[in-house]
Amino acid sequence: MYLAMNRFAVRPENAEAFEALWLGRDSHLKEMEGFVEFHMLKGPEREDGTILYASHTMWESQEAFTAWTRSEQFRAAHANAGGTRSLHEGVPQFEGFSAIQHIA
584 MYLAMNRFAV RPENAEAFEA LWLGRDSHLK EMEGFVEFHM LKGPEREDGT ILYASHTMWE
644 SQEAFTAWTR SEQFRAAHAN AGGTRSLHEG VPQFEGFSAI QHIA
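Just so we're aligned, residue 584 is where the sequence shown starts under the numbering used here, counting upward by one.
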């Protein structure tokens, strides 16, 4: 199992537009072999006044995730990403994790 996460810092005045963007986009994830699930998470307001969000995808393997990042579906899902950068501070912070234990 592989977890891919991007963390976003969003100013409160941009939170509604940021959420609408994610809720309305076609991710194409379900078309990908090895895709397990996706979550968009909203966290607390931080000391710097931003709200923490994290996109969280689960994959059967790191190889499946890597295939996603090189796919036409990835390019289609991220085609307008440059135009939405004003909704969050800086660049998303990527974190990738391989599972060493799973309890269900």
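Bear in mind the hints are in silico, worked out from the structure with no lab data behind them. Note that the structure is a prediction, hence the values are computed from the model and not measured. Here a beta-carbon is modelled for each residue, glycine too, at the ideal position from N, C-alpha and C. Any given hint could be a false lead.
[Stated by the list, open to error] Between beta-carbon pairs, the in silico distance windows are:
| id | residue 1 | residue 2 | range |
| --- | --- | --- | --- |
| 1 | His661 | Ser681 | 32 to 40 Å |
| 2 | Phe621 | Ile686 | 31 to 39 Å |
| 3 | Val619 | Arg658 | 20 to 28 Å |
| 4 | Ala600 | Glu646 | 32 to 40 Å |
Checked hints:
Checked against the given bound of 32 to 40 Å, the beta carbons of histidine 661 and serine 681, roughly 23 Å apart, lie outside it. A beta carbon spacing of about 21 Å between phenylalanine 621 and isoleucine 686 contradicts the range 31 to 39 Å that was offered as a hint. At roughly 21 Å, the beta-carbon separation of valine 619 and arginine 658 lies within the given 20 to 28 Å, and the hint holds. Between alanine 600 and glutamate 646 the beta carbons are some 35 Å apart, a value that agrees with the proposed interval 32 to 40 Å.
Consistency note: the structure conflicts with the earlier hints numbered 1, 2.
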